[in-house]
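All chains, full assembly: derive it from the sequences and hints.
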Amino acid sequence: MVPIFDKVLIANRGEIAVRIIRACREMGIRTVAVYSEADRGALHVRMADEAYAIGPSPAVESYLAIPKIIDVATRSKATAVHPGYGFLSENATFAQACEDAGLIFIGPSPSSMALMGSKVEARRATSKFGVPIVPGTIDPIIDDREAVKTAASTGYPIMLKASAGGGGKGLRLVRNETELNSALRDARSEAKAAFGNDAVYVEKYVERPRHIEIQVLADRHGNAVYIGERECSIQRRHQKVIEECPSPIMTPDLRSRMGEAALNVVRAAQYYNAGTVEFLVDQNRQFYFLEMNTRLQVEHPITELVTGLDLVKYQLRVAAGEKLDLQQDDIVMRGAAIECRVYAEDPANNFLPSPGRITAFRPPSGPGVRHDTGVYQGWTVPNDYDPLIAKLATWDGTRADSIGRMRRALTEYQIAGIHTNISFFLEVLDDPDFQQANFDTGFLDRWMQNRNSNYKFSGADRDIAVIAAALFQTEETSAAPAAGTKPVESPWKAQGRRNALRTS
Amino acid sequence: MRYGATINGETLEVDINRRAGNVVEAQIGDRKYVLEARAVQPGLYWLNWENRSIEVVVTEKTGSYLVMLGGRQVMVELGDLRTALRHAHQGQQGTVQVRAPMPGKVIRVLLKEGDSVQENQGILVMEAMKMQNEIKAPKSGTIKKIGVTPGSAVNSGDLLAEVE
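Chains S and A supply the protein sequences, listed in that same order. Taking the numbering used here, the leading residue of the first sequence gets 1, the next gets one more, and so forth. Taking the numbering used here, the leading residue of the second sequence gets 1, the next gets one more, and so forth.
Note that these hints are calculated values from the structure, not bench results. Possibly wrong hints are sitting among the right ones.
Stated by the list, open to error - Going by beta-carbon spacing under 10 angstroms, a handful of chain A positions derived as facing chain S:
| # | residue |
| --- | --- |
| 1 | Tyr33 |
| 2 | Leu78 |
| 3 | Met102 |
To be verified - Listed next, the in silico EDC-like pairs over lysine to aspartate or glutamate satisfying Cα-Cα at most 20 angstroms (straight line):
| # | chain 1 | residue 1 | chain 2 | residue 2 |
| --- | --- | --- | --- | --- |
| 4 | A | Lys105 | S | Asp384 |
| 5 | S | Lys456 | A | Glu55 |
| 6 | A | Lys130 | S | Glu37 |
| 7 | A | Lys61 | A | Asp80 |
Ideal placement from N, C-alpha and C gives every residue a C-beta, glycine not left out.
Okay, structure coming up:
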């Protein structure tokens, strides 16, 4: 069979580049990796068929440098470019630059990307298609009296949001009318400082919402399906850390209504490619369109586990112009999947980042375990990029079994040289509210404030940890070469150990 | 070998000795352990303690030992027993040095020398792995020294500040 593409350049790094290389290889497509100085020897570089250095470690000089990436694509005779997530994946200028260079961008058209990239434009376009949005103003408020009127009609509490916003800047929660004037002033000045634009709009504040997103897949011929949902309410400082599929509160009726709304977003944007439509769901299961991510999502593996579909392969087929071979009725969800984002950070020390060399690495495996990573034993996790080192996902027949499987997998995880948040997941998984799926997007931040331990070692475990450290130190001081290079149980080391004992 | 081991902010008296046949005898406080210990791979130990089978991973990190057991990680400091006990006794008295917990770049310095500071108050902001992190005061007192300026690149363990 002739592959749908001859060669694909992956404009990304880490686990997602590895994920895409695997899909390409399974489809007989040759792969081109690009890498920065920090990523010389990275797993995605080692795995690709071809690898091109594109510059210094800072992303702006490498993974975000559009001309360098287009140049490598041209030189390597790649026919298509996969942007992964993050970096240039939602940059319409890059999508356009690919098209201008005669390359197929594995994503949506630059115009639908630009439309969904603007909060105001996206709200305006989707509301025309009857997609429910959080009540409020679509256009920025000019006159403060307008804000008073809108707030009164939607009802308090409300949120003031910067039109150009993001990252929590220019956001103000207003509980009643007396707070409104000063909140407007603060939100405007913060927005001005952060984005150079003081436009704000009013939105009804949804109390204790869940974040539930719908996976969609659309081709270039007007066919589209929704592929279930993902529950992403477990967030720390607005960053997802645990996701699951399906959502524990989902019903067939709600799923089909949210799915149809998501397909209306697809129509409004004339969208093709895999995509994710994010919704807020309130305590009465009313849902409101939040935004659309016009790319492959970090947490896509849990959808793949539950539906058996390979989303990256579908992205490639859609980009090649193929028609979707799926009808809505073909999408069947089976069992339950959970994903934990494994970060190089220290949960016992304010989640400070922990870059460095991985001296030992044995990720979990076995039934129902999927581990996507871009690291390996001996690799130095660079300081220049985000701290995601792996995504650990488990699948089982029920949510409870899937949680049990995740617990098992987390306790099997062995990694040395860097701190990770693995123990933090064990703590969250043990929480009764988590187990009963009784949570909202504020759950984890509240939970952190009441966290009574750092999952501290106590009793025999604490003593075992001390004994292990002492054993390691004995070997370090008795054998000069660094750990990792010396043979296990060498006679020299044994002799050294005996000497050490004599002096004690 | 006798050590002072500090774990979770607590200092323990440790006496650990290897015997023939991979047997390790340890006394921690008043608790006695006899176990079998094998280095399966560098830094990976398999222990058999009263028929409990334990895998534990150890590496050195910034002068201490990072230990992983059953998915959890903890830092263990090992030192001369008397020094460790003296440090534990003194606690956070006197001048405490604030060192960089990871390599990165200093973005902002929030306090200056002579400023008074509360425990857990931010002293400066460091960027690493695309995230900005406040480095906090380990105790209340006065800023005796600030060792870096905005833009400084620092390595793990570099002196950032001193709190008196």
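Hints and how they fare:
Checking A/Tyr33 against chain S: minimum C-beta separation of about 7 angstroms stays under 10 angstroms; hint holds. Annotation: A/Leu78 was flagged as interfacial toward chain S, and the flag holds, the nearest CB pair being 5 angstroms apart, inside 10 angstroms. Because the smallest distance between the Cβ of A/Met102 and any Cβ of chain S comes to about 5 angstroms, under 10 angstroms, the interface hint for this residue holds. Between A/Lys105 and S/Asp384 the CA atoms are separated by roughly 11 angstroms; this keeps the pair inside 20 angstroms, and the hint holds.
Taken as a hint, the S/Lys456 and A/Glu55 pair is honoured in the structure, with Cα atoms around 18 angstroms apart against an allowance of 20 angstroms. Under the criterion of a C-alpha separation no larger than 20 angstroms, the hint pairing A/Lys130 with S/Glu37 is consistent with the structure, at around 17 angstroms. This hinted pair checks out: A/Lys61 and A/Asp80 have alpha carbons roughly 18 angstroms apart, not beyond 20 angstroms.
Of the numbered hints stated above, none is contradicted by the structure.
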